[in-house]
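Same order as they appear, the protein sequences are chains C and G. Just so we're aligned, residue 1 is where the first sequence starts under this note's numbering, counting upward by one. Just so we're aligned, residue 1 is where the second sequence starts under this note's numbering, counting upward by one.
Wrong hints could be hidden among the right ones.
[Unchecked claim] Subject to a maximum C-alpha distance of 25 Å in a straight line, what follows is the list of computed SDA-like cross-link-like pairs (lysine to any residue):
1) G/Lys111 to C/Ile5
2) C/Lys94 to C/Leu12
3) G/Lys39 to G/Thr60
4) C/Lys94 to G/Pro59
5) C/Lys94 to G/Met1
6) G/Lys39 to G/Tyr26
7) G/Lys111 to C/Leu67
8) C/Lys40 to G/Ile97
9) G/Lys39 to C/Ser91
10) C/Lys40 to G/Phe30
11) C/Lys40 to C/Glu109
12) G/Lys6 to C/Leu23
13) G/Lys6 to C/Asp97
14) G/Lys6 to C/Leu75
15) G/Lys111 to C/Glu98
16) C/Lys40 to G/Tyr37
17) C/Lys40 to G/Lys6
18) G/Lys111 to G/Thr60
19) G/Lys6 to C/Gly24
20) G/Lys111 to C/Asp30
21) C/Lys40 to C/Leu67
None of these hints come from the bench; they were simulated from the model.
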Amino acid sequence: MIREIVGMVLILIGVTFDFLGVLGLVRLPDVYNRLQASTKCVTFGSAGILLGAFVLQGFTNFGFKVLLGIVFIFLTSPVAAHAIARASHRSGIKLSDESVADLYQQDHELKEE
Amino acid sequence: MNNNQKIRWRVVRWVIGFLGIGLFMYWNFFVYSALIYYKLINIMFFCMLFILFRVVFGPTPADRIIAVDILGVLMIGLTALLGLIYNQSFFMDIGLIWALMSFIASLAYAKILEGRSLDD
Numbered sequence: 001m002i003r004e005i006v007g008m009v010l011i012l013i014g015v016t017f018d019f020l021g022v023l024g025l026v027r028l029p030d031v032y033n034r035l036q037a038s039t040k041c042v043t044f045g046s047a048g049i050l051l052g053a054f055v056l057q058g059f060t061n062f063g064f065k066v067l068l069g070i071v072f073i074f075l076t077s078p079v080a081a082h083a084i085a086r087a088s089h090r091s092g093i094k095l096s097d098e099s100v101a102d103l104y105q106q107d108h109e110l111k112e113e
Numbered sequence: 001m002n003n004n005q006k007i008r009w010r011v012v013r014w015v016i017g018f019l020g021i022g023l024f025m026y027w028n029f030f031v032y033s034a035l036i037y038y039k040l041i042n043i044m045f046f047c048m049l050f051i052l053f054r055v056v057f058g059p060t061p062a063d064r065i066i067a068v069d070i071l072g073v074l075m076i077g078l079t080a081l082l083g084l085i086y087n088q089s090f091f092m093d094i095g096l097i098w099a100l101m102s103f104i105a106s107l108a109y110a111k112i113l114e115g116r117s118l119d120d
């Protein structure tokens, strides 16, 4: 009984985080802001859903596959996000007008001097 | 487009957004009657609609790449919910393979966007 309640609460939190992250992906003004909002889908959104499924199912065949999925997306998704951010900054996509500082650009200029 | 028109267009966008999300949530939780898993799957499909908006109308190529990457992450959660409904474990195999292909594809897209070739 307690296990089902905890699992359902984790799944609800996960779906809520997914929805908010996707709302940020649509609303925010810039590539980098959108990337920062949409990686929240990973760390508590889909991982929350998978953790809830693991709590509901226990140590069965399904449960071990779900744990494997959590480890997999925690390893791969930050790598993809970092690669996309670096590539988009190097290919010359501008920041939005409201942004204050561009520290990556400043570091690059210091290194060239 | 002057300042007055810009403010009017912003108000129209906020009204469309609130009406759309509110009507969908009202239909999903008060009209549609099914198990709770089916309602959660409806919310995930609604999220995928937003992601497809960003894929189609994204101003730069990086927006489209981010959207496709996040689509792969949402697909794992969707397959976990489907597996909980039907009590079958092979749905998670589909989700894992989908996430693997999405990861490799987003790395390749990032490499092409940076201007290097694939065997670099």
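Status of each hint after checking the structure:
{"no.": "1", "hint": "G/Lys111 to C/Ile5", "verdict": "violated (44 Å)"}
{"no.": "2", "hint": "C/Lys94 to C/Leu12", "verdict": "violated (37 Å)"}
{"no.": "3", "hint": "G/Lys39 to G/Thr60", "verdict": "violated (33 Å)"}
{"no.": "4", "hint": "C/Lys94 to G/Pro59", "verdict": "holds (12 Å)"}
{"no.": "5", "hint": "C/Lys94 to G/Met1", "verdict": "holds (22 Å)"}
{"no.": "6", "hint": "G/Lys39 to G/Tyr26", "verdict": "holds (11 Å)"}
{"no.": "7", "hint": "G/Lys111 to C/Leu67", "verdict": "violated (30 Å)"}
{"no.": "8", "hint": "C/Lys40 to G/Ile97", "verdict": "holds (21 Å)"}
{"no.": "9", "hint": "G/Lys39 to C/Ser91", "verdict": "violated (41 Å)"}
{"no.": "10", "hint": "C/Lys40 to G/Phe30", "verdict": "violated (28 Å)"}
{"no.": "11", "hint": "C/Lys40 to C/Glu109", "verdict": "violated (31 Å)"}
{"no.": "12", "hint": "G/Lys6 to C/Leu23", "verdict": "holds (22 Å)"}
{"no.": "13", "hint": "G/Lys6 to C/Asp97", "verdict": "holds (16 Å)"}
{"no.": "14", "hint": "G/Lys6 to C/Leu75", "verdict": "violated (43 Å)"}
{"no.": "15", "hint": "G/Lys111 to C/Glu98", "verdict": "violated (28 Å)"}
{"no.": "16", "hint": "C/Lys40 to G/Tyr37", "verdict": "holds (22 Å)"}
{"no.": "17", "hint": "C/Lys40 to G/Lys6", "verdict": "violated (30 Å)"}
{"no.": "18", "hint": "G/Lys111 to G/Thr60", "verdict": "holds (16 Å)"}
{"no.": "19", "hint": "G/Lys6 to C/Gly24", "verdict": "holds (21 Å)"}
{"no.": "20", "hint": "G/Lys111 to C/Asp30", "verdict": "holds (20 Å)"}
{"no.": "21", "hint": "C/Lys40 to C/Leu67", "verdict": "holds (19 Å)"}
The structure fails hints 1, 2, 3, 7, 9, 10, 11, 14, 15, 17 (numbered hints given earlier, in ascending order).
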